[in-house]
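Here's the letter readout for the chains.
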Amino acid sequence: MPDLASSLVSVPSFNIYLAYDGSINSDWIAKYAINMAENNGIRKINLIHVDDGIHSPEAITQKIAVIEDQAASFGVELSASTLPLSENVLLSLLDCIPKSEASLCICGTRSTSRGRGYLAGTISEKLLRCKHFNVFAIRVVKPGILGLPRQVLFPLSGHPRGVQGAMSLFALMAPHVKKIYLLRVMYISSLWFRYMSASRARSIRKSGTAYLDRILEELDRSFADTGLFIDGKVVLSDDWIKEILIYANRVKAQMIIMGASDRNLPSRYFYGNKIEQVLRHSPCDVAIYRKI
Amino acid sequence: MKQEPRQIQQFPAEDVFSILHSRPGGLTTAEVAERLGHVGRNSFEIPDRWKVYRSFFRQFTNFFTILLLLSAVICFIAHSINPGEGMNILGWALAVVALLNAFFSFIQEFRAERAMEALKKFLPQLVEVEREGAVQKVEVAEIVPGDLLLLSEGDKISADARIVESEGLLVNNAPLTGEAAPCPLTAQANAASLIESDNIVFAGCSVVRGVGKAVVFATGLRTEFGKLAHLSQGIKREISPLERETARMVRILTIIATVMGFSFFLYGVASGRSLWVNLVFMMGIIVANVPEGLLPTFTLSLAMGSLRMARKNVLVKSLNSVEALGAVHVICSDKTGTLTENRLSITAVIDPLTGKELDRRLQQELLALALAASEVKKTEDGFSGDPLDVAVARRFIELEGDFEAVQEDISRYFTFDVEKRRSGGIITRPSGSCFVSKGAFEALASMLAGIETGSGGTASGSSIGHELEKAQEVLHSMASGGLRVIALATRALGEVNLDQEQEELETRLTLKAFIGIEDPLRAEVPAAIKKCREAGVEVLLITGDHPDTALSIGRKSGIVLEEQAEDAVMTGIELEQLTEGRLRRKLEDGVKIFARTTPGQKMKIVSVLQSMNKVVAMTGDGVNDAPALKAADVGIAMGRQGTDVARESAQIILLDDNFASIVSGIEEGRTVFENIRKFTNYVLVSNGPEILPYVLYILFPVPLALNVIHILSIDLGTDIIPSMALGQEPPDSEVMNRPPRQTDQGLLSLRLMLHSYLFLGLLEGFWSLTLFFYVLVSGGWHWGMELQNSDPLYRSATGIALATILLMQIGNLLGRRFRLRSGLDRGIIKNRLMLLGIVIQVVFSWAILYLPIMQKALNTGPVSVGVYLLAWFGVILIFGSDYLRKQLTIFFERTAD
Chain A
4 MPDLASSLVS VPSFNIYLAY DGSINSDWIA KYAINMAENN GIRKINLIHV DDGIHSPEAI
64 TQKIAVIEDQ AASFGVELSA STLPLSENVL LSLLDCIPKS EASLCICGTR STSRGRGYLA
124 GTISEKLLRC KHFNVFAIRV VKPGILGLPR QVLFPLSGHP RGVQGAMSLF ALMAPHVKKI
184 YLLRVMYISS LWFRYMSASR ARSIRKSGTA YLDRILEELD RSFADTGLFI DGKVVLSDDW
244 IKEILIYANR VKAQMIIMGA SDRNLPSRYF YGNKIEQVLR HSPCDVAIYR KI
Chain B
953 MKQEPRQIQQ FPAEDVFSIL HSRPGGLTTA EVAERLGHVG RNSFEIPDRW KVYRSFFRQF
1013 TNFFTILLLL SAVICFIAHS INPGEGMNIL GWALAVVALL NAFFSFIQEF RAERAMEALK
1073 KFLPQLVEVE REGAVQKVEV AEIVPGDLLL LSEGDKISAD ARIVESEGLL VNNAPLTGEA
1133 APCPLTAQAN AASLIESDNI VFAGCSVVRG VGKAVVFATG LRTEFGKLAH LSQGIKREIS
1193 PLERETARMV RILTIIATVM GFSFFLYGVA SGRSLWVNLV FMMGIIVANV PEGLLPTFTL
1253 SLAMGSLRMA RKNVLVKSLN SVEALGAVHV ICSDKTGTLT ENRLSITAVI DPLTGKELDR
1313 RLQQELLALA LAASEVKKTE DGFSGDPLDV AVARRFIELE GDFEAVQEDI SRYFTFDVEK
1373 RRSGGIITRP SGSCFVSKGA FEALASMLAG IETGSGGTAS GSSIGHELEK AQEVLHSMAS
1433 GGLRVIALAT RALGEVNLDQ EQEELETRLT LKAFIGIEDP LRAEVPAAIK KCREAGVEVL
1493 LITGDHPDTA LSIGRKSGIV LEEQAEDAVM TGIELEQLTE GRLRRKLEDG VKIFARTTPG
1553 QKMKIVSVLQ SMNKVVAMTG DGVNDAPALK AADVGIAMGR QGTDVARESA QIILLDDNFA
1613 SIVSGIEEGR TVFENIRKFT NYVLVSNGPE ILPYVLYILF PVPLALNVIH ILSIDLGTDI
1673 IPSMALGQEP PDSEVMNRPP RQTDQGLLSL RLMLHSYLFL GLLEGFWSLT LFFYVLVSGG
1733 WHWGMELQNS DPLYRSATGI ALATILLMQI GNLLGRRFRL RSGLDRGIIK NRLMLLGIVI
1793 QVVFSWAILY LPIMQKALNT GPVSVGVYLL AWFGVILIFG SDYLRKQLTI FFERTAD
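Line by line, the protein sequences are chains A and B. Start counting the first sequence at 4; every next residue gets the next number (this note's numbering). Start counting the second sequence at 953; every next residue gets the next number (this note's numbering).
Please note that the accuracy of each hint is not assured.
[Said to hold, decoys possible] Once the Cα atoms are required to be at most 30 Å apart in a straight line, the calculated DSS-like pairs of lysine-lysine come out as:
#1 A:245 to B:1482
#2 A:182 to B:1482
#3 B:1482 to B:1372
#4 B:1482 to A:255
#5 A:134 to A:209
[What the hints assert, rightly or not] Here's a subset of chain B near chain A, in silico, CB distances under 7 Å, partners left out:
#6 958
#7 1021
#8 1080
#9 1084
#10 1170
#11 1182
#12 1183
#13 1265
#14 1368
#15 1372
#16 1531
#17 1699
Honestly, the hints are just simulated from the structure, not real lab data. Using N, Cα and C, we set each Cβ at its ideal position, and we do this for glycine too.
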């Protein structure tokens, strides 16, 4: 298993694909793509638009031209292609983006929920699940940060690898990030939470702190001499979504980065639901990633 | 790391529209609709239509409530199987107790929502925007990123926005930053961080002066104010030590009750008893194990504690905080108004060259000049105006100056300018007319041509540079002594021209004096800090003031000692750069003062202290203090200078804003916990004699000595007043000489349970059952003989069993007053509730035996006076045995020492 430091020492080289639907949301996501491409070994974005007939070709051409200008101002090349709609948008995208560890697809979550959720059932969710390439699905709620989050929050699920999976994708953002915050929420059932003794709470917190300290140590080693501020916190709670949102607010996080779940179906349903809650109530932009 | 100008405040105004996908004529209706769909409404509230219902039903997930409701259901079932036993009344009684408990908790939780209502007042209802080239008034919730806001004087700002046009814009950012001074804004690009930029307007703030246009870049919860609102709304206060302890106690007692009840139910079924008997029996065991009156008594005791606190200027909003305050390990205190008087006072008028105090005559003359640059009016109550100007006037009067005469000499006043940081005026004195400038030394330094103090020190011309350095040193030395320093400079005017502009007059000034101002420490604070130290309560000072000022107050108050002063201070900038782990180590190393901090940093300090297993009290008064007040174990808002938001977010309000009142509150809180422990011990003792008859009944062929109604008459009847009396016991003289209890120091310790159940409980059970069987046997009962409930012999026997328990509870009550003292060494009469409790026990014990109405209600009967007197002997038995135990404990503790 490669260590964290090796994920960061070299400049990542992804072939970046921007799934662009022509909405204002995808204009905002394009800013992320430009900023990430700027730090990529290959300073190029492959913009893919599937012509689903929602926006007129003229409007799309006009919008792409603006993005092209913005990309050029940061020394990023933009190659735009408009695909005809085959069976559906997903298949068109899957046909177009090479199945490779070197491919990174940047896409948006559903921009308006209307009771369906922001990720559930979306093309982005299907792209995350199909595991053909790396995916970075973003929900933008604060366009004012212009795709450049300075404070980033990683909620930790307790996975032994910590945030290792995110690091090569995060490396594309890292040069602009000033602060990283980690949050380990030790989940306790609400029925038990109220009745837990102080000593039991202490012991659970201790195990969470040991885990967090290990991850912090790894990150400190990896980002040594970069001046990046890294901090973390362990919280005992019966509502970990709420804790993520509160901590994001507290540290003024500008982006929450969460991994897509690899769990079995029932817990994926459960976990997926929780991601929806973060997407719905987040005070800042949210990215859901899958690194293959 | 790269430093490109790529944040919204760093771009030139003309680029802002394209960056935010907007245009000078504003957004189109279609664009607004699309963006509204993407980022949602510009509102702080998280829509949750089920919140109230969920909160209400959550109250019924409490073990205790479930148990009481379950018992009620069993009663109703029992009543339907066997009517006429009065079980339905019992069922209703239990249900009402459960509902009242749940309803009370719900109301408490619901009240916490008020902070949000107070925050909403900071947003306008309607906002003026430019859309599709026309000015429109739209609802605040309809604002989206890219909207062009039109700002003018008096407007409340509805969203975070980047200024693109500004004409003398001055905004009040106090709700967000806590900084009272208005901030001037421009449309120029700025390299500072977002919050410090002078080209950004923030939601929740207001326009003081000027007009401008701004493009929205964040709305709703994504604005800085929205984050504040979300934190105030979302932070769940840590469970209070008492809540945790109560919950744990309830869990233990519930488990004991349920396990015992079901075990004996199954045993009864196996031994062939009827289902009805087994049901009654199981319910009896459960009811006997659950101290039904304990939780209501907790509430009453806390309510009485809160009333006592209110008399000490500590207004309690949440009852649990009464005890939580007593459990506090650390108090994080503000400076202004809490430790100090929040009244500026001039304490020195100093020669800027020598640093020496000027004589009184000279001080009076200089302050007369300073009055020319002060906007102050004499009123019936003293003076009105800017606090600094009032301080000048007050000191002038103290120096026997003629205020009215000076006022007549002033011919012009130039108001204090926030940007220039100075005020001015023209005055005619016997020595001639002069222009006076009063303000920050940095604001005056560039206009100085000389220094003339009147005490001999003069400098001008080429030597001014060197002398200014000297003046700087004097200034620094004054500041390091905790003084705020104002410079006073003048310029002689040959002829007064009232039409002259301020700028024309502000040249070739002569520095006259440095005026040292401070907010004096409250007289009672050093003693209160000393008391905290003795009580093991740490005090941290968190202030936005300069480190020197903070350290000076820290030293004077005793928060820091001389030898630890240097290492005890940390600034907000240092704090910002520390991880929580490093901050923890700094706190362990003795940092006591946080200076130049922002309200947002308070949360970090609270969080770290809590991770160190400390119970934290935090004071605050501003809107932006709300999250920290919610996050702390005890949030304390200032009653006088606090904002509505702070008051609604806090659990405790200090009516006099005085730190010493917090310390009084801690003493009261500790007493409340001690008293709760006393009456918990008292109440649990009666559980023993309530359980024992059921155990005997199921194991042996003997009649049941107490029925469920008898048990409830003790738990919800006669035990309540004595418990409340114990809850009212005055503070022990030693209460503030002990360190605060540890978070895991339980209310229901093993020692307390053994003492309650296996010592005093067993003793009460033994004596009451002895008399029960004595009455039965002397009345002709023999082993195995069954008696009807209506049998007079049975009724007399149960009557004496109940009366004995009631009387023995008097001995138990007296013994519970002190851990090792007898309980008779402090006059019982002083505690009138205790006297009333004893009278109730005595009267009730008599009435159940001899008063027909009570006999009928409780199915009891009379016994001979001799037997009744034997029941009285139980008082001596229990009190004496416990006293003997206390003496033995004292002996062993002394031996161990």
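Hint check:
1. A:245 to B:1482: violated (40 Å)
2. A:182 to B:1482: The hint is violated at about 40 Å.
3. B:1482 to B:1372: violated (43 Å)
4. B:1482 to A:255: violated (38 Å)
5. A:134 to A:209: violated (36 Å)
6. 958: With a minimum Cβ separation of about 5 Å from chain A (threshold 7 Å), the hint on residue 958 of chain B holds.
7. 1021: violated (16 Å)
8. 1080: violated (21 Å)
9. 1084: violated (17 Å)
10. 1170: With a minimum Cβ separation of about 5 Å from chain A (threshold 7 Å), the hint on residue 1170 of chain B holds.
11. 1182: Residue 1182 of chain B check passes; min Cβ-Cβ to chain A is 5 Å, inside 7 Å.
12. 1183: holds (5 Å)
13. 1265: violated (31 Å)
14. 1368: violated (33 Å)
15. 1372: violated (32 Å)
16. 1531: Cβ of residue 1531 of chain B sits 4 Å from chain A, so the hint holds.
17. 1699: Constraint on residue 1699 of chain B not satisfied, violated at 11 Å.
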